[in-house]
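If you want the building blocks of each chain, they are given just below.
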Amino acid sequence: MSEVLSFPGHAPLKARTGRSALPLSVRQLTFRTEGIDILRGVNLSLESNDLTVLMGPNGAGKSVFLRLIHGLLQPSSGDIRWDGAPLSKAVRRSQALVFQKPVLLRRSVRANLSFALGLRGFVNRSARLEQALADSGLADLADRPARVLSGGEQQRLALARALILDPKVLFLDEPTANLDPASVLMIEDVIGRVRASGVKIILVTHDAHQARRLGEEVVFLHKGRVSEHSPADLFFNQPQSAEAEAYLNGKILV
Amino acid sequence: MQDFAHSFVLAGNLILQADAALVEIVGLSLQVTATALVVSAAIGLPLGAILAIARFPGRMVLVVLSNALMGLPPVVVGLTVYMLLSNAGPLGVLGLLYTPTAMVIAQSILITPIIIALTRQVIADLHQDYSDTFRSMVVPGHTAVAALLWDARYSLMTVLLAGFGRAIAEVGAVMIVGGNINHVTRVMTTAIALETSKGELALALALGIVLLLIAFAVNGSVALLRGAERSLVRV
Ligand SMILES: Nc1ncnc2c1ncn2[C@@H]1O[C@H](COP(=O)(O)OP(=O)(O)OP(=O)(O)O)[C@@H](O)[C@H]1O
Ligand SMILES: [Mg+2]
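These protein sequence lines map, in sequence, to chains A and B.
Residue numbers for the first sequence follow our numbering, so the first one is 1 and each next one is one higher.
Residue numbers for the second sequence follow our numbering, so the first one is 1 and each next one is one higher.
These stretches of chain A come out as covered by chain B in the derived footprint (C-beta under 8 angstroms, 3 or more residues):
no., segment
1, 96-102
2, 112-122
Examples of chain A residues toward chain B, derived with CB under 7 angstroms:
no., residue
3, 72
4, 89
5, 92
6, 105
7, 106
Hints were generated in silico from the structure; no laboratory data involved.
The beta carbon of each residue, even a glycine, is placed where N, CA and C say it ideally should be.
Take the sequences, apply the hints, and build the full model.
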């Protein structure tokens, strides 16, 4: 990862489509809580390493879906497989999730990163650490307590902490919500480079422009089901489902 | 009235001149309670943290038990430790009764439940915050416990100070197991009780003032730590 992250500048990256290191297969996934069906029979296969954008109105269950496929929530029923295997710590260890509201440790920026580094048997840790600080633009803030960082800086740190784990699959839950344009650009730049390195990324966003810039395929979640799974071009130019079309035109809420 | 005023003057003099008897008693008190605190912290911090984050059968029983034991009556603790350490008791061969070690044991028993229960609360709150992130990163249990204890260190220091305050002010248990022997097991609280009953108010008052000062210092430290925590760690 570090070689990728040190890739200089904004050079256009031609990401190649390949097979995902961990293909995902979800069958008849339901999640029910407090008598409410949040997901009601989701079927989804993500085989390629194309960047998948997960879209859908507020409350559609996008965050819940990420938690389920990462193994943080138990499904009510259904089957989740990564490369044919059910969820396990080993699977989770090869993934990283940046939460919609990231939780940083009550420590310095540097200590947040070194804590994550210490969890995996990496060699040359200090070099990786300095590289991650530089790549995320946090080198000057390295000794600041993480919890006093601005919202954008916290998002950047959360992303850097996820990447330092060298995941094969990266889940990003609205990583640029509430950020200024420069921070959005910076994070999208990092996402592009991570994508180019072959990491499978599943990105939740409400920003259609961002989805067009980064997305290669789109999964649209509505009323607890996948109502569309299309290549990004098709999704934005000619949505196949009425719900997706209405959403893109700003016409549906729930 | 005249006598009381006179006693205050004498007490002030004892403190200002760092009277040898006074210093010895205060020193022993601090030593006994500090040792008890170390013992209780070594047991209570990890145990409280484990109770906060581990899920195992019987956990709720232990939580309720530690909460209930917070209110252990000191004299009951004293009596129990006395029976354990007395010649006829199971630990009588150790010959610990009426030694500072006996007082350390009694105070440790008294404050360990407090430290367990308060630590559990502090760590449970922080764990609520961290748990999804830790599970996502697949943090091993022992690393999680250590990280939670470290990141909650300011709150935990106030927990330890609460334990210290309770132990140093306690009189019933140390009286029973220590015996208030001059130069051996005489601590501030037992000395105050004895001197007062003898009518020797000067030393009692001097010790009382020192005890109050310690209580103020402990509470002041708690307030300072809370402030430091808020300005350093909170958003
Ligand atoms: N642990 C939970 N207990 C009860 N209800 C929950 C729980 N987690 C999520 N929900 C409910 O599930 C629904 C979907 O939530 P989720 O956070 O997945 O939405 P989302 O698609 O991510 O929305 P947003 O775009 O606003 O982030 C919501 O109605 C939410 O209230
Ligand atoms: Mg969400």
